[in-house]
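2 protein chains.
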Amino acid sequence: MTGEFDIIAKYFAPLSVDCKGAFNLGDDAASLSVPDVVVTKDLLVEGVHFRAKDARSAVAKKALRVNLSDIAAKGARSIGYFLGCVWPSGVKEEAIADFAAGLGEDQELFKIALMGGDTTAHVAKGAPFTVSITMIGTTGSAGMIRRTGAAPGDDVYVSGTIGDAGLGLAALNAEMKFPAAHKAYLTGRYQLPSPRVFLGGALGGHASSSIDVSDGLIADAGHIADQSNVALDIFAEKIPLSEAALAFVKKQDDQNAAIAQLAGYGDDYEILFTAPASRRRSIEMAAQVTKTPVARIGTAVKGKGVRLLDAEDAEIAVDRAGYDHFAA
Amino acid sequence: MTGEFDIIAKYFAPLSVDCKGAFNLGDDAASLSVPDVVVTKDLLVEGVHFRAKDARSAVAKKALRVNLSDIAAKGARSIGYFLGCVWPSGVKEEAIADFAAGLGEDQELFKIALMGGDTTAHVAKGAPFTVSITMIGTTGSAGMIRRTGAAPGDDVYVSGTIGDAGLGLAALNAEMKFPAAHKAYLTGRYQLPSPRVFLGGALGGHASSSIDVSDGLIADAGHIADQSNVALDIFAEKIPLSEAALAFVKKQDDQNAAIAQLAGYGDDYEILFTAPASRRRSIEMAAQVTKTPVARIGTAVKGKGVRLLDAEDAEIAVDRAGYDHFAA
Numbered sequence: 004m005t006g007e008f009d010i011i012a013k014y015f016a017p018l019s020v021d022c023k024g025a026f027n028l029g030d031d032a033a034s035l036s037v038p039d040v041v042v043t044k045d046l047l048v049e050g051v052h053f054r055a056k057d058a059r060s061a062v063a064k065k066a067l068r069v070n071l072s073d074i075a076a077k078g079a080r081s082i083g084y085f086l087g088c089v090w091p092s093g094v095k096e097e098a099i100a101d102f103a104a105g106l107g108e109d110q111e112l113f114k115i116a117l118m119g120g121d122t123t124a125h126v127a128k129g130a131p132f133t134v135s136i137t138m139i140g141t142t143g144s145a146g147m148i149r150r151t152g153a154a155p156g157d158d159v160y161v162s163g164t165i166g167d168a169g170l171g172l173a174a175l176n177a178e179m180k181f182p183a184a185h186k187a188y189l190t191g192r193y194q195l196p197s198p199r200v201f202l203g204g205a206l207g208g209h210a211s212s213s214i215d216v217s218d219g220l221i222a223d224a225g226h227i228a229d230q231s232n233v234a235l236d237i238f239a240e241k242i243p244l245s246e247a248a249l250a251f252v253k254k255q256d257d258q259n260a261a262i263a264q265l266a267g268y269g270d271d272y273e274i275l276f277t278a279p280a281s282r283r284r285s286i287e288m289a290a291q292v293t294k295t296p297v298a299r300i301g302t303a304v305k306g307k308g309v310r311l312l313d314a315e316d317a318e319i320a321v322d323r324a325g326y327d328h329f330a331a
Numbered sequence: 004m005t006g007e008f009d010i011i012a013k014y015f016a017p018l019s020v021d022c023k024g025a026f027n028l029g030d031d032a033a034s035l036s037v038p039d040v041v042v043t044k045d046l047l048v049e050g051v052h053f054r055a056k057d058a059r060s061a062v063a064k065k066a067l068r069v070n071l072s073d074i075a076a077k078g079a080r081s082i083g084y085f086l087g088c089v090w091p092s093g094v095k096e097e098a099i100a101d102f103a104a105g106l107g108e109d110q111e112l113f114k115i116a117l118m119g120g121d122t123t124a125h126v127a128k129g130a131p132f133t134v135s136i137t138m139i140g141t142t143g144s145a146g147m148i149r150r151t152g153a154a155p156g157d158d159v160y161v162s163g164t165i166g167d168a169g170l171g172l173a174a175l176n177a178e179m180k181f182p183a184a185h186k187a188y189l190t191g192r193y194q195l196p197s198p199r200v201f202l203g204g205a206l207g208g209h210a211s212s213s214i215d216v217s218d219g220l221i222a223d224a225g226h227i228a229d230q231s232n233v234a235l236d237i238f239a240e241k242i243p244l245s246e247a248a249l250a251f252v253k254k255q256d257d258q259n260a261a262i263a264q265l266a267g268y269g270d271d272y273e274i275l276f277t278a279p280a281s282r283r284r285s286i287e288m289a290a291q292v293t294k295t296p297v298a299r300i301g302t303a304v305k306g307k308g309v310r311l312l313d314a315e316d317a318e319i320a321v322d323r324a325g326y327d328h329f330a331a
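If you read the sequences in order, they're chains A and B.
Residue 62 in this note's numbering sits at position 59 of the first sequence, and the numbers go up by one each step.
Residue 197 in this note's numbering sits at position 194 of the second sequence, and the numbers go up by one each step.
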């Protein structure tokens, strides 16, 4: 293994060439001139957010994408990021090279650059690989879309399909079985989310509130409901499902319960948002122009909390807890 | 232990009240309007950058201060930060409360606010507490002071005193013994650095290059030399030493070697900078106005690398390695 400065020069400095103010990672700080900055920061920890055996390039991409998703859900465009890594003690150079290769591929895809950061290594044997990303974005003139703007009468939308990543994780952990093609699709959704960067950029000025689905559809709808002081009614049969998730639902005795289970899973990285009914045409256009599937799944009403409703408008029981890092 | 959202609401949201764009930590991202942004990011890991038994409030302050120091060394003023924490599995609420109290005290002292972040916990038992800070600063019209501007003929300066933190760490690890008063002073310098935030803000437009001393005086001088394409000659007898460090040096057989040892220690968090000889009066004024001790310790010359020179201008051998997180 070469030294810390060599590693930075060899693997990370090349990732910063598109950010002039990163000074080739040769200084203590980066100098940025960004109008209307939006900043988010997410940590990923081995054993919590990804598995020890996941390829380091896949971890790199997941780390970038969960942050890209946050910025997109705010109606902003990501321009670059700061990276903090704590490598396991005795990490092999190939692991670092693979991680940097993953970053490079996604930088190309999402038009972002490395702006700075910090690379260190654990002393404790077996301590988990940890990645911290601070993503910098910029909003258009419409400003950041918050969680607070939903009003009674607004429509509730979600992009893509819901529950795939949770099923994929269950497949990876051998807790569920799927046909090979479905398993490949579902595990892919868990390991490599596709942040809705184009749709996000098109929602500014139209969406009244927005969040990315990371805790789970119901839990994240709950965040919007809480922050906007409204209740959200979500219609189970309107929740968009992939072919693989639909096949899973059809096999269950209680299909409503199965949908509730999918709506409780996290890691979808779709965008859940609300917009006034008067904006339906604009939302359709935004979906069309950005080639992003968007489904209208519910409505905001006066009240508190989130209700998942069946075809007869009866409430379906949901497990609201979501994942809590501090649960006993 | 209460849940993740309760912890954020109870301990961290109150730290964000002075940053309007942090939305009380109730959104996915923060919205900032900062001219001439300077950003730095540093990770601290238990067992690497601090000890398992250090008070969490002290860890909080150290994490903020090493980042405040980076921003100050760039001639900028810190305004706020993003925080990422990975708590040990089974962390007690008192530890989180103590950590948040430490952040609060230093926010008050340094006039900064929490802007956002991410709080999570290890699943693996015994995995080390990890803190990631992304500090946001702003420069005056003079812009960011880089590592690249030193020119032959420039003076080399350093603030405060050098080597105290390294001696303090040795005392904490019982590798060295000191009289009680000296030990208290030295360990304090290690555990609670005092970033030179006022001096840093006064150096813009005067210093030609600047860095904070974290890797060690010689190693960090080396970064300036490399990036500025000059050599730095540093005069051992000019290096400012505290009373405690001076007492240590006087006890050694080879006093030049002892000074070289101090100049190799890290964690001083002083500012090392260069300025043209024509700016001597300005530098004196900056030191005076900001009540910061500043010593002129060397000169930049044509060439490469750093030489530590004795009173007869003979080179003193130094261990240049510094700490390398990836050394075998």
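Because the hints were derived from the structure by calculation, they are not lab data.
Please note that a few of the clues may not be correct.
Given that identical chains are not distinguished, each listed pair holds provided it fits within a single copy or across any two copies.
Computed list of lysine to any residue pairs in SDA-like fashion (alpha-carbon distance at most 25 Å, straight line) [claimed, not checked]:
no. : residue 1 : residue 2
1   : Lys241    : Gln255
2   : Lys23     : Thr141
3   : Lys128    : Glu315
4   : Lys114    : Ser197
5   : Lys23     : Gly208
6   : Lys128    : Gly269
7   : Lys241    : Asp257
8   : Lys56     : Val126
> Which holds for Lys128 with Gly269 at a C-alpha limit of 25 Å: within a copy, between copies, both or neither?
Replying inline: between (30 Å within a copy, 24 Å between copies)
>> At most 25 Å between alpha carbons: which applies to Lys241 and Asp257, within, between, both or neither?
In response: within (17 Å within a copy, 80 Å between copies)
> Taking 25 Å as the upper bound on the Cα-Cα distance, should Lys241 and Gln255 be classified as within, between, both, or neither?
Replying inline: within (18 Å within a copy, 79 Å between copies)
> For Lys56 vs Val126, is the C-alpha pair at or below 25 Å within one copy, between two copies, both, or neither?
Replying inline: both (20 Å within a copy, 16 Å between copies)
> 25 Å Cα cut-off: does Lys114 pair with Ser197 within a copy, between copies, both or neither?
Replying inline: Result: close within a single copy only, 14 Å intra versus 39 Å inter.
> When no copy is specified for Lys23 and Thr141, does a C-alpha distance of 25 Å or less occur within a copy, between copies, both, or neither?
Replying inline: both (17 Å within a copy, 17 Å between copies)
> When no copy is named, should Lys23 and Gly208 be tagged within, between, both, or neither for a Cα gap of at most 25 Å?
Replying inline: between (31 Å within a copy, 21 Å between copies)
> Within a copy, between copies, both or neither: where do Lys128 and Glu315 come within 25 Å Cα-Cα?
Replying inline: neither (56 Å within a copy, 47 Å between copies)
Of the hints listed earlier, the one the structure fails to meet is number 3.
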